[in-house]
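Q: Its first residue numbered 185, the sequence shown is counted upward by one per residue in our numbering.
Hints are computed from structural coordinates only; laboratory data are not their basis.
Don't take each hint at face value.
What the hints assert, rightly or not - What follows is a list of derived Cβ distance ranges for each label pair:
no. : residue 1 : residue 2 : range
1   : 427       : 233       : 40 to 48 Å
2   : 254       : 295       : 29 to 37 Å
3   : 264       : 398       : 31 to 39 Å
4   : 268       : 365       : 24 to 32 Å
5   : 329       : 353       : 43 to 51 Å
6   : 291       : 240       : 14 to 22 Å
7   : 226       : 397       : 39 to 47 Å
The C-beta atom is built at its ideal place from N, Cα and C for all residues, glycine as well.
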Amino acid sequence: MGLHLVGPLKTVQERLLRRPLAYALDLVFPPACAVCGVSTGGHRGLCPKCWSGLRIIERPYCEVLGVPFSHDLGGGILSAEAIANPPPFDRLRAVALHDEAVRMLVHGLKYRDRTDLAPMMARWMLRAGDGLVERCDAILPVPLHRSRMFSRRFNQSAELARHLARLSGRPLLPATLLRTRRTRQQVGLGAWAREDNVRGAFAVMAGRETDVAGKRVVLVDDVYTTGATVAAATRALRKAGAADITVLTFAMALAETI
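All chains should be modelled from the sequences, with the hints used to inform the complete structure.
A: Here it is, written out as structure tokens:
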């Protein structure tokens with residue numbers, strides 16, 4: 185009768201068996217910084233120089249828009265923008281400001297098919313969510329129109345959402361929210377043009393309203409710029425009855441802290 189390892193012994197055996205494969209993979213694909221490509225001690229990480237260049241968003245920040253404050257003004261403080269123009273979603277959280285290193289990560293995933301970056305980016309997003317992802321009822325990505333999905337082959341927001349669902353154990357709803365018409369790319373458009381471009385461009389699939397009705401949902405996108413896209417998507421979720429909506433992005437385009 186063979187010996188069957190269980191518990192900690194089985195875990196140790198699995199690690200020992202993986203070591204030769206991991207060593208071989210490191211020889212073929214040496215660990216490198218995800219931004220600049222310099223050699224590092226492990227995969228899916230950044231070198232010290234690129235890491236130090238990140239402007240991670242930490243408290244204090246606006247509790248609604250997640251915009252960082254330069255000084256701690258006390259708990260529950262809102263930014264002037266959140267007070268003057270309340271967004272349709274309940275709150276926004278992002279990992280970091282859209283500086284050079286962050287921009288390279290986003291562009292690597294979005295335009296250079298670097299889907300290997302998504303697990304690392306999703307881990308950072310889970311931390312930035314400050315427990316909101318773990319407490320939600322469902323995770324939804326901002327969808328692409330089917331024609332753009334065909335040309336791009338994958339949706340970067342869906343990749344981030346997929347890994348967030350895996351890390352948090354929360355349900356992923358990849359097909360509940362639809363982009364019902366093809367829109368122009370938002371890059372290069374002003375704030376008003378962006379809003380007009382995506383107005384009415386999203387809807388919850390007919391018959392799937394119960395996926396979000398009365399639920400706490402997390403809407404995932406890669407970059408928050410003017411908020412036009414996530415605002416339009418949020419309105420579609422509200423129409424279907426979503427009770428609480430958190431927008432979670434990897435990057436936030438913002439010149440300076442308030």
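Q: With 43 to 51 Å as the target window, see if residue 329 and residue 353 comply at their CB atoms.
A: Taking Cβ atoms as reference, residue 329 and residue 353 lie about 30 Å apart, which means the hint is violated.
Q: Confirm or reject the claim that residue 268 and residue 365 have a C-beta distance inside 24 to 32 Å.
A: Taking Cβ atoms as reference, residue 268 and residue 365 lie about 30 Å apart, which means the hint holds.
Q: For residue 254 and residue 295, compare the CB-CB distance with the range 29 to 37 Å and indicate the outcome.
A: At roughly 32 Å between Cβ atoms, residue 295 and residue 254 fall inside 29 to 37 Å, so the hint holds.
Q: Could you tell me whether the CB distance from residue 264 to residue 398 stays inside 31 to 39 Å?
A: holds, 32 Å
Q: Just to be sure I understand the hint, the distance between the Cβ atoms of residue 291 and residue 240 should be within 14 to 22 Å; is that true here?
A: holds, 19 Å
Q: Evaluate the given range 39 to 47 Å for the C-beta pair formed by residue 226 and residue 397.
A: holds, 43 Å
Q: In this structure, is the beta-carbon distance linking residue 427 and residue 233 contained in 40 to 48 Å?
A: Taking Cβ atoms as reference, residue 427 and residue 233 lie about 44 Å apart, which means the hint holds.
Checked against the numbered hints given earlier, this structure breaks only hint 5.
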